[in-house]
Amino acid sequence: MIGPSRVAELETTGAAIDTAEGRPAQSYWNESWQRLRTNPIGMIAGALILIFAVIAILAPVFSAVLTHFQPQSVDLSATFRPPGGAHLLGTDELGRDTLTRLIWGGRVTLGIAFLTVGMALTVGTAFGMAAGYYGGWIDDILMRLVDTVLAIPAIFLFILMSILIHPTPITLAAIIASVGWGSVARLVRGEVLSVKQRDFIMATRSIGARDFRLMFRHLLPNVLPVLIVAASLGVGQIILIEAALDFLGLGIQPPTPSWGNMLTNAESYFFHSVYLVYFPGVMIFVTVLASNVFGNAIRDAFDPRLKT
Amino acid sequence: MLAKYIARRFLASVVVVLGVTAITLALMKTTSGSYVPGIDLNPALRPDDIARLRADLGLDRPGWQWYATWIWGVLHGDFGHSMIDGSTVMSHIGDRLPNTIELTATAIVIGVLIAIPVGIIGALRHGTKTDHTMTVVSVAGFAVPQFWMGLILILVFSVTLEQHGLPWLPSSGAYSAVNGGDLIDRIEHLILPATVLSFFYISTWSRFIRSSMLEVLSQDYIRTARAKGMSERRVVYLHGLRNALIPLITLIGLELPGLVSGGLVVEVVFGWPGIGKLAFERALQYDYTTVMGVTFFATLLVIAGNLLADVLYGVLDPRIRYGS
Amino acid sequence: MSREEDADDRGFAQFERFLDAWSRRDFLKRAGGAAAFMAFSGGVVEFLQACAGSSNNNTTATVKKGGHIVEGNFTDIRTLNSMLSSDTASNQVIGLLFDGLTNQKKDGTVIPAVAESWKTSSDGLTYTFKLRSGMKWSDGQALTADDVKFTYALAYDPAYKDFASPRRGDLSKYIKSIDTPDPLTVVLTTTQVYAPFLASHGQYGILPKHILGSMDAKALNTADYNNNPTVSNGPFKFVSWQKGQQVTVGRNDSYYGGAPNLDQWIYKVLPDSVAVTNQLKTGEIDIGPIDPGQYDSLTGTQTVARSEFPVPTFTFYAYQLDPNKPAGPLFQDKAVRQALLFALDRNSMNQAIYFGHATAADSVEPPTSWAYKAKPQVLYPFNKAKAESMLDAAGWTKGTDGIRAKGGTKLKFTMITNAGNKQRESSLTYMQQAWHDIGVDATPSLIQFPQLVSQIVDIRTFDVFLVGFNWSVDPDEAALFHSRNTVPGGFNGFDFKNEQVDAILDQALGTLDQAKRKQLYGQFQDIMSDQVPAPILNFTHGIWGVNTRVQGTDFGPFNQYQFRPWLKNVWVTDGK
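These protein sequence lines map, in sequence, to chains A, B and C.
When you line the first sequence up against the numbering used here, it's residues 1 to 308, in that order.
When you line the second sequence up against the numbering used here, it's residues 309 to 632, in that order.
When you line the third sequence up against the numbering used here, it's residues 633 to 1208, in that order.
Bear in mind the hints are in silico, worked out from the structure with no lab data behind them.
Each hint should be verified, as a subset may be incorrect.
Unchecked claim - Lysine to aspartate or glutamate pairs mimicking EDC-like chemistry, simulated, CA-CA at most 16 Å apart:
| hint | chain 1 | residue 1 | chain 2 | residue 2 |
| --- | --- | --- | --- | --- |
| 1 | C | 793 | B | 540 |
| 2 | C | 793 | B | 356 |
| 3 | C | 762 | C | 794 |
| 4 | B | 337 | C | 1090 |
| 5 | C | 850 | B | 364 |
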């Protein structure tokens, strides 16, 4: 489950952007945006993620206005209601409203995904930029650290840390990010190394620009396209990792809903109430699909050589 | 040069192994409280039983002491006995590792056999309906949680087919409980888990081959080859495919560490007696010795996998040099 | 172009044709077909369930010899040494391989096994066991009183103090000496009268002294025999144990009760309770325990007969009673403990969470026990209004946020149980809601089982925990409720200290007079129903699925795992 981030790494390195100012020209972003806009499937995928994210943020509102149930409200007299009526998508084994839990579960699942991506990208970029920019012994030390992180069998870390740190959405995001940042650091370092070679950086350096200014004004914008692609693909992967951890009992613990633990929970009732299985399954599938399609679309947009 | 490079990496890996095992032990020690591995809430147990069993296992000693003893044992090739069932950790690993390799290797082979043609077709016909269809299928295959796909396959190909009196596939284990273990029997048990695991590889790798083929085909030397009048097929298969496969080999190399953890979910769903399932179950039961032993080997495998990928990459692509 | 290049080209051309043909297949059509089939199969299963009933065991057919049984469960065993084992799964397989001095019927009555009879001295201190004559180990050696003495010595003799037996605590406390006046007589003297002795300690599988007698205590802990018991005395003998997969045992022709009908019995380890149900359906396993949530999914399967009965297992939650712990002060007042229990609709819980396969509890003794008192002093039918008025009267009044508080302290706490046990998870989820309804803020928190055990026996910083407890035949519950077990390592982790209860429990352990004991345990149940330090939510049911080809099984409250005196009579109708 941990492999795919490396795919992103291998696939996207070398998508360098050459511009005179040492930053991607405005026109580069514009062109990429134009290319993305002409990709309807990619746009639909992006829109879907946006819609899900908005629903997740507004979960309390939906709960109050649309479903009139709270995710934790148990009603033992209304268990296993099929979809329809007061419960639009039915109820589960404790009489909880499936739609409400789906919305709140999306809040948890997507929240973890975005948070994890944010953390992994921040830490990974910082490490990668520092290593790539300074080189020498700093590079050596930082990259050995990255090697160590990548050498820890991720699943053990997940298991042990899930036991150590009681898994809440935030700690779970931190746990997954603690493994994921390594490959981001490698990715960024590679990109920085290739950008650094170019004349403008040397020129800026020789006129005495400060390190931080250089990194943020000149290097970061060049690395940004790669990061955006990695982030978009990462959301889908993390949803899958989180669902797998839920399945193993190491993820979000009931009664807090997440799509992963709703799906795992529904497994026992497959023959009993199969509809319990459909909704969280479909949500995971659609979101991961959208994330991957959107990620691919952005990559194609940034690097038109791959698409003619 | 290569030998020196490998030696340097080897030294670094000793540090990594020490670090990873120390972290593992520290995590277990700090979270276990006074839990005695293998002890349930059994009313027949008395307070002094629990204290005594804990001392028997050496768990009343400080973590660093325990670690030192463990390292000492490892240096002598002794990984100790499992705290749950008393058999040696090495025998556990020896039992489970072949099963995991059997499963993962099968899935990787299926993955490569399907991913390469799918990727090539996608690249050659890129932009066509075929390409789009295959893209959708492979991206969709990647979007299904593995555990979910496994459970559905069990319900369809095992339970439902059996109930209809049709030929069906066994749903758990590596061989039949009764008179199992011959080749056909093992293959039958392998089909479902290997299918689920290979789906992941097919989805990832076919996308990957497609894009690296596309990239290679747009390179200058391909154009030169074409200009020299080389047939299109030769260009595609001899030059294009070869260069596109180099990164794929790296990718497969990167899956080696996944031998231990990559198949974990599949192993759990199908009750496959592999090393990942062993590690998972024993970590939950605080079987210190087994977890430490498996962590040790898993870390070695990760390091070896990365190293192998790097070396292979160098062999296949002479432009890469191993700097000192 | 050279010849080789030509050949290459032809090869490539073939490959391309293959790719071409392959890629032109209609992917979408196939994918659509697969999806339709999956959707359809779900429907078919539901349909099949609707039109079938369960079938009964055939009792008239003549017994067939031979064949095998595959029994499924979702935990691997840990050891095959009867004096090392403390878990249900290991005991279950040990029960196939080894017989102890005694065995028990499904109602809990102790019956002869290796001992054909026994006498208890008038002072209640000495047990004299008369062994069957002519018993043999599976390797042909004679089984004698020496083997019995050796087995018990492992757990009480100081010479074996390094042997990691979980039985040492009890046995070394109560056994004074074991004598073997002749090869068929064992005289066991106890240090004090201990009522549960025969029922609790008479049934450990006897170990062969001629195999293990020469080893020292430390070597025995990791002896090969523990995983590979080459010699045994039960209905079956050991064949193989593929860890994480299965244990296979085969017919023991030298079994003193006569060779069993079956050739083989296989204990198979499955991923989870859903897999047990699935494989009962497919016939991959013949016998397996059924999760309450899976009961209905077997209704349509004609090849599986289900049996259900109450078992001596209860689910309970315990209040933190140690006043020095953060939540301790909340539960010191008996009224709070009682009110919280009144607020739980335990009948609905059983219906929804256990799908009706559990019995609501009124007493701390299980209904399967001879000491069970159906109606103890205080009963707790669901009564929300009463719960609220009790809390009001006790001074816990609702604040503006709807949460009750007293003297600035809110009635707010966390409830823990182990992750992965669905019924317990659901129970906490329901309790959160039910208590929220009366103004109590209780938050469920799921932790891993080792952490839960640590919390109960050692760390003890919990507010409320919920677990299940599995009792044996004897009604003694001192392990949970006696104040001496509040020490570290004891299961009375909720710090319940009641002198009266201690006295009753001690008195009941110190007499062999069952009538007297019954009366004492009656008092115990009355006091506990009033004090409710750890309210019992329900008594669970044992549910077993058995393939209809299997005959002669007779599961019951005390014949589930380890004790199955009918093992040798089990046979399969198809002889396979």
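Evaluated hints:
| no. | hint | verdict |
| --- | --- | --- |
| 1 | 793/C x 540/B | violated (81 Å) |
| 2 | 793/C x 356/B | holds (12 Å) |
| 3 | 762/C x 794/C | violated (30 Å) |
| 4 | 337/B x 1090/C | holds (15 Å) |
| 5 | 850/C x 364/B | holds (9 Å) |
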